[in-house]
Amino acid sequence: MSTFTEFDPYASFRETTEGRVYSVTGGDWDSLSTEIGSTKEERVVVNMGPQHPSTHGVLRLVLELEGETVTETRCGIGYLHTGIEKNTEFRTWTQGVTFVTRMDYLSPLFNETVFCLGVEKLLGITADVPEKATILRVLMMEFNRISSHMVALGTGALELGALSPMIFAFREREKVLDVFEMISGLRMNMAYVRPGGVAQDLPEGGLEKIRETVSQLRKNFKDNEKLLIGNSIWMKRTVGIGYLDLAGCTTLGITGPVLRAAGLPWDLRKAQPYCGYETYQFDVPTTDTCDVYGRFLIRMQELEQSLRIIEQCVDRLEKLSGAPVMVADKKIAWPAQLSIGADGMGNSLAHIREIMGQSMEALIHHFKLVTEGFRVPAGQVYTTIESPRGELGAHIVSDGGTRPYRVHFRDPSFNNLQSTAAMCEGGQIADVIAAVASIDPVMGGVDR
Amino acid sequence: MTKNFEDHDSNNLIPRNDEFGLSKAEQDSKFIADQAPAPLLKQLLGFWVTFKSMFKKVNTVQYPEVKEPTAPRFHGRHQLNRHPDGLEKCIGCELCAWACPADAIYVEGADNKPNENYSPGERYGKVYQINYLRCIFCGLCIEACPTRALTMTNEYELADDQRGKLIFEKEDLLAPLRNGMVKPPHPMYPNTTDENYYRGEVTSAHPSQGTVNND
Ligand code: SF4
Ligand code: SF4
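From first to last, the protein sequence lines stand for chains D and S. Numbering-wise, the numbering used here puts 388 at position 357 of the first sequence, and it's gapless, one number per residue. Numbering-wise, the numbering used here puts 177 at position 192 of the second sequence, and it's gapless, one number per residue.
To be clear, the hints were calculated from the coordinates, so they are not data collected in a lab. Every residue, glycine too, gets a C-beta built ideally from N, C-alpha and C. Watch out, some of these pointers could steer you wrong.
Below are the DSBU-like pairs computed for lysine-lysine, each with C-alpha atoms no more than 35 Å apart in a straight line [to be verified]:
# : chain 1 : residue 1 : chain 2 : residue 2
1 : S       : Lys52     : D       : Lys361
2 : D       : Lys206    : S       : Lys111
3 : S       : Lys98     : D       : Lys206
4 : S       : Lys52     : S       : Lys98
Here are a few chain S residues that face chain D, going by a calculated C-beta distance under 10 Å [claimed, not checked]:
#  : residue
5  : Ala10
6  : Gln20
7  : Leu25
8  : Thr35
9  : Ala56
10 : Leu125
11 : Glu140
12 : Arg148
13 : Tyr182
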């Protein structure tokens, strides 16, 4: 209060019989404009995005520039808001998977898995999920990590002007998407992971195709390694750029490759294992350069680690042919037994015979599960997994009904995006693009 | 332990008592130390990569002249199937519509008239629409269908120039009449119930059901 003196030009006061009265006035426009004119620097505010090709989708960056130097950066988000969290409240738990898979569209399987792990925890069936389903989840997630990192690396390089790495990255990603198509029937947003297991077993000859893909990928990754690792032009654009040290990361809640590039080996697959990750052999690459180049190197190394995990999955799956991929409890397991015939893909005739011709009980379960879904005991859980971008969490609240009461996701892109200002301010405008690319935000996940 | 990590540990930025499993992750961490620029000759290898690509088999496909086959499981356009005697499999139960998370399916069931069946049993799907402007191809509907009436084919070319055309009616979705099938409505196979159909015991049309399709 002591700042309000009688002479304050904006809020002077006078004593009256009722007490002290302040009269607040606005600033004087004339004095303001002369003040602006007297500063030497030229300040420009530039809106980068939401349609800018280098902002990873519809991110809007408000940059205050002094020449080429960025003095202030602010993010504008919300252009891709889809209302997915709200929509899931009006769908059954199984249908919810088809929604959440569309949040972070580059890593759909992680969204599905974290949601299903949460639902399973609420149902208390975590231990009943068949081993094969868990291995298939790990397999699909690691493939997904590769395809997601391929986009991050490819577009990141493209935005800095290197076209060939992008072509190579998308060539590899296509191979991974082919595997997804073979297993789940869809290349993106596959709703493959369901509460209680996965939708379908591997098709015939699936393991051979996966083996072949893994060896092909391992060979093809060399192309990008030769092009970018140690390349002095690439390093000029990335070393020391987008610097954010460990203190900054932990304060802002940053996870994923950005945090690991700051030296903390924080990987939930190791630290708080889920889906049996503690039984797989793999390393957590870290480095301490805290810059764009470090994050790039970490992503490159994680590709190889993912391939290692996939190989271990394949070895395990080999011994489990014919094992169930969905919980045995008929009150929860989604009642699908798909098979492919001349008429396309649909429920197998054996399944039809059972529910329509033989077992009334099976038919009742089928009808109840499809129309109403299963009930989930009231309560709330928080589950986290390590997505390609960092810690992906799902906070699920059930009121005991057949639909979620509330589903909230802690999407790593959202939290990591906070670091834009810390990384970009004080740097050159061209480095903003490198920094944002190294965070690898996916706006579908940010806005949900 | 990396240098950075130690520095900040002493700053109490990382929880010290309950370390959330960090030490486990620490054991398997692999530090990337080599971050120097590669020697010039090695850097030139990058040019060799791009040069070599000129002689590699091209990855791109000349769509739409050349079409890559999809995986057998690919989720494409839906199809409404028939029993071997031509009756429709759809019983108008609306399970597909219930399962659909995108509300893309609209079904209206109706009662079969005696000896003028569209499907075995009491009910058939009178109106059946799939709105491909809404459909997200998740496949929950085919998993929900209790009679394998609804299946997904591998056809993926569904673009059109008018929104109205993308709401597929029953006629658009029904599988064609094959040889040996009789166009409904017609009576069920003599001395059968719908359960015989579901058990796969009806394998062809009976002469009493009507004239058989022969083209
Ligand atoms: S595929 Fe999914 S969205 Fe499309 S009609 Fe079937 S259930 Fe609905
Ligand atoms: S297509 Fe299948 S689920 Fe849908 S109404 Fe017909 S019989 Fe029922």
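- Item | Violations among the numbered hints | As far as the earlier hints go, 1, 2, 3, 4, 12 are violated by this structure, in ascending order.
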